[in-house]
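Engineer: Sequence:
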Amino acid sequence: MHDRDACGNVSVRRVGVCEYGIVPDVAGPRHEARNARCPPVSGTFKLRGYVALATELRSGRATPRTYLEETLRRIAQIDPGIGAFVSLNRDGARKAADASGERWRAGGQLSPIDGMPIAIKDIIETADMPTGQGSPLFEGAESKRDSASVHALREAGAIVIGKTTTTEFAASHPFHTTKNPHDPKRTPGGSSSGTAAAVGAGMVPAGLGTQVVGSILRPASFCGAVGFKPSVGAINRSGSHDHFSQSCQGAIGASLADVWAVMRAIADRTGGDPGFVGLMGDVNFGAPAAPKRIGILETGGWGSATDGARQAFSVVRRKLGLAGIEVRGRADDPEIDEAERAMADALPLTQAINAWEGRWPLNTYADRDAGKLSAPARERLRTAEAMSQTEYGELLARRAAVRAAFEKAASRYDAFVTLGACGAAPVGLGSTGNTIMNVAASLLGCPAITVPILTDEGLPLGLQFLGTMSGDAALFETAAWATAAVFDRKDLVGAAAG
1 MHDRDACGNV
11 SVRRVGVCEY
21 GIVPDVAGPR
31 HEARNARCPP
41 VSGTFKLRGY
51 VALATELRSG
61 RATPRTYLEE
71 TLRRIAQIDP
81 GIGAFVSLNR
91 DGARKAADAS
101 GERWRAGGQL
111 SPIDGMPIAI
121 KDIIETADMP
131 TGQGSPLFEG
141 AESKRDSASV
151 HALREAGAIV
161 IGKTTTTEFA
171 ASHPFHTTKN
181 PHDPKRTPGG
191 SSSGTAAAVG
201 AGMVPAGLGT
211 QVVGSILRPA
221 SFCGAVGFKP
231 SVGAINRSGS
241 HDHFSQSCQG
251 AIGASLADVW
261 AVMRAIADRT
271 GGDPGFVGLM
281 GDVNFGAPAA
291 PKRIGILETG
301 GWGSATDGAR
311 QAFSVVRRKL
321 GLAGIEVRGR
331 ADDPEIDEAE
341 RAMADALPLT
351 QAINAWEGRW
361 PLNTYADRDA
371 GKLSAPARER
381 LRTAEAMSQT
391 EYGELLARRA
401 AVRAAFEKAA
411 SRYDAFVTLG
421 ACGAAPVGLG
431 STGNTIMNVA
441 ASLLGCPAIT
451 VPILTDEGLP
461 LGLQFLGTMS
471 GDAALFETAA
481 WATAAVFDRK
491 DLVGAAAG
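When we follow our numbering, the leftmost residue of the sequence shown carries the number 1, and every step to the right adds one.
Derived by calculation from the structure, the hints in this document are not laboratory data.
Take the hints with a grain of salt, since some may be wrong.
As the list claims (entries may be wrong) - Pairs of lysine-lysine residues, derived as PhoX-like cross-links and limited to a Cα-Cα distance of at most 25 angstroms, are as follows:
1) 408 to 372
2) 372 to 144
3) 372 to 179
4) 490 to 319
5) 144 to 95
6) 408 to 292
7) 490 to 292
All values reported here derive from a predicted model rather than from experimental measurement.
Whole structure, please, built from the sequences with the hints as guidance.
Structural biologist: Written out as structure tokens, the structure reads:
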């Protein structure tokens, strides 16, 4: 059912047997997911990987320029109906692709992502394109510099092709109209809306996003892409307008291999945030490794999950058990239950921390032109101005206690799994969906990956893997094993960088 062409396209025919892997357990507890059927979904969806083309690029059977031209063709064809991009640098991209092609021909490629077209969320600065931050206050604003991550991508030979939509200041209010590639009536999620939509529609193989609550994991889940939120501090955020203590830069891509290659290329060249070593591990994330024990997390969002999402997740748990993995949840392990209780208020706790930390620069934006701030932004500012430094300190102490409870439980597990979102992307473009299933990873500061191997309402839904702080590489190995061996989605693992 998966066909890859010379440009790296993986064509997925989404009618009949579910190419996302797991659908609701509609036939009772003994019904195996491998025999389940998806509700019919018309159309063809393509995820376009890049690092799997290393052999073709070395031999000349594929070139960065031909890959780029297919990318530009798809953007021209698809994006008018989706609205993922706010700016493109076609001329610069073509020059970079030609330079990359020369390096591949000479055997001197700079990295596995040399020649990869990458989209950049419009909260991250680029020297050659404006950084509008999803706000009329900064529409068309030029910083004339690259962020640390974008500069690192260029050093690795990647092609910075364009900027993608974000909600206002990477929060919750949509400024641009971006549609879900699987159903234009539904949200793509946010705040990394454009990056997720561009990858999910097969326009680009990968793009950068940011997350402080659920801004990478949720849109990746909704748009049918792989999303990675690394450990806090793992990627240098300098030059990105996401300054919160839980913020991190991550990636959304066509496969685990593509996402890992992008993140490692950045970390190799710019490290982590000041005071952090940064994301560690080999260029290839290693052979998929079967875990011995996996924990189940409901988080505070389980009560908000749709029936279809819960049923799909019940199949996940059963299939992991059939694969010989010990699977335990809060009913089986008092320490998991303690961690679940501790993180039950993860969303309001995160919102309160973010409110205080966002007082600046929101107050300066209000001084400049309060009328150009959304109502939610003005409300966050009012909340912050009513808070005290003492209250903020108490919030940080509560967060530390939640993290300690999770680390205690996590010490005996290889990884945890939960839903990547409450269900399929909701209908409507005025909201980016419920963040409740993603906020736990942000509050904990731990790495998290979502892989689109579930469905709800016949639409993509991610399975979320969570690890322990700085255990990013090990989490990739576990996620790769489960994706390939348990859910038979080797295409979402991708090939080693080589």
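Engineer: Take the hints in turn and mark each one as holding or not.
Structural biologist: Hint check:
Note on residue 408 and residue 372: the hinted pairing is violated, with a Cα-Cα distance of about 45 angstroms set against a maximum of 25 angstroms. For the given pair, residue 372 sits about 24 angstroms from residue 144 by alpha-carbon distance, which is consistent with the 25 angstroms threshold. Using a Cα cut-off of 25 angstroms, the hinted pair residue 372 and residue 179 holds, with the two alpha carbons roughly 23 angstroms apart. A distance of roughly 16 angstroms separates the Cα atoms of residue 490 and residue 319; the hinted pair therefore holds under the 25 angstroms criterion.
Only pairs whose Cα atoms come within 25 angstroms are accepted, and residue 144 paired with residue 95 is accepted, the gap being roughly 19 angstroms. Distance restraint check for residue 408 and residue 292: the Cα-Cα separation of roughly 18 angstroms lies within the 25 angstroms cut-off, and the hinted pair is therefore satisfied. Proximity of residue 490 to residue 292 is assessed by CA-CA distance (about 21 angstroms); at most 25 angstroms being required, the pair is judged to hold.
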